[in-house]
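Participant: This is what each chain is made of:
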Amino acid sequence: MLAAQGRSTLSLHKLGVFCGLAAAVWLGTAEAPTKLVNAGFSPFLISMGMVMGAFVARWTVPTLLKGTGFLFTDLRNKPHLIVWALLAGMLWAVANTLTIFAVRNVGLAIAFPLWNTNSLVGLFWGWLLFKELRGSGFKGWAKVLGGAFAIVGGAAVLAYATASQSNAPGEAAVGIIAALGAGVLLGTMYIPYRKAYISGMNPLSFVTIFTFGELATVLTLSAIYMGGMGHVVSELHRARPMLFWPFLGGFCWVIGDLFQNFAAKYIGIGRGIPLSNTNQLWGLAWGALVFAEFSGLSNSGKVLIITGSLVMILGAVSISMADPGPSELVNWKQAMHRECDRYDLDKEVVAEVVAGDDPLAQHPPVRRWWEAVIMLAATSVFVWLAIGTRSQHLAISMPWMIVLVVGTILPLGVCGTLLWRRTRFS
Amino acid sequence: MKRSTLVSILTDVHLWVPVGVLILGIFLLMSLR
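Taken in sequence, the protein lines are chains X and P. Just so we're aligned: 379 in the working numbering is position 379 of the first sequence, and the numbers increase by one with no gaps anywhere. Just so we're aligned: 5 in the working numbering is position 5 of the second sequence, and the numbers increase by one with no gaps anywhere.
Worth double-checking, as some hints may not be accurate.
Stated by the list, open to error - Straight-line distance between alpha carbons at most 27 Å, and here's what the computed DSSO-like set of lysine-lysine pairs gives: (1) X/K347 x P/K2; (2) X/K131 x X/K347; (3) X/K139 x X/K347; (4) X/K333 x P/K2; (5) X/K143 x X/K333; (6) X/K131 x X/K14.
Just so you know, these hints were derived from the structure itself, not from any lab. Quick caveat: nothing in here was measured; it's all calculated off a predicted structure.
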């Protein structure tokens, strides 16, 4: 597949791998601001704050990249995918609430590797419904499946090593079922992702609709669990001095999710999701280096953390080297044609978009003045929350924080540039 | 949305797999309350 004239010729596989790794960095970093929240607030409230932050953040940087005119044209061309994008948001919201129960009952140590199995569930759906990995041969299977298992295994080791940090209460069976349920839901959420991208939808359009499904479901679930919308609003009001932090987490989450969506588009869910699931490494780096969460850890604990991290990295390397061969790409094309036939899409246009070109960008829709107003309003929400934030009394390592912030912004710059040069964010 | 598109959506296995999993997830969540 050749890139359009004047564009970079980077292979789509490499681009997808970079996006998967950048997604891991940003999804891992999204956990950091929530650590700044002092105890005393419901996990539901923190989760809701993140989702609201993600909803508002969608209208900041992403609106700069592609305007609302582009968004509406993209949605008008594939209106059926609105259903799937909403569905994906709803799946995420239910899964995220389940993870809260899982962590409460069995602790992060057991819960995290259990719901991290979502990459294996996604891999299964990718194989069954979208013909991913079919025709890839033994080597391809071994690299991807081996890599995915290594990432889940590494997650299990890391979680075990940090187990001493959490005091998990009883009701273990319920917690395990909740964590496994979350894994199945998150893995299934990638069906809409892949469907959207083999139909030629832009990740920015998909994520926009996703945030609506996510916000509506989280608000409904919170109202049910917290005893009505009145209670939700009063709790949000009470949480006002700390709300900036989960909002900031939501901002990081949107950036991470966009990269995850680009990865799902260019390397499929079987490869893209395990890569972005290495986010646990980054969450760990923030916890260990900035918040000194493991300062009292024994030497054996430190060895386990290093082992788990290395296993995860090896898994990511294995998947990164598993380019889809020509026979697998034929199967990807068949999955794309199924969508085109079923929903009356133009095969040539969809093939162009799937290959990283953007026919819409050749005649870009006019930018409207109110896009600037939307962006300003969304940014103002963050500024308003930041101004009213009470400082949190937490010991942090400033030098490590600077290192990790730079380490987070760097992949954004590098991967954003690669995406622009190769696909114009198509 | 055209009627034919609606029929295509409602008869698509890609719809019912996630919908089924979502329903099971909501049941699970409600049973954990």
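Participant: None of the hints should be skipped; say for each whether it holds.
Facilitator: Hint by hint, here is what the structure shows:
1. The hinted pair formed by X/K347 and P/K2 meets the criterion: a straight-line CA distance of about 19 Å does not exceed 27 Å.
2. With a CA separation close to 18 Å, the supplied pair X/K131 and X/K347 stays within the 27 Å bound.
3. This hinted pair does not check out: X/K139 and X/K347 have alpha carbons roughly 31 Å apart, beyond 27 Å.
4. Only pairs whose Cα atoms come within 27 Å are accepted, and X/K333 paired with P/K2 is accepted, the gap being roughly 26 Å.
5. For a cut-off of 27 Å, the pair hint linking X/K143 to X/K333 stands: about 22 Å separates their Cα positions.
6. For the hint pairing X/K131 with X/K14, the CA-to-CA distance comes to about 20 Å; that is within 27 Å, so the pair holds.
Hint 3 from the list above is the single one not met by this structure.
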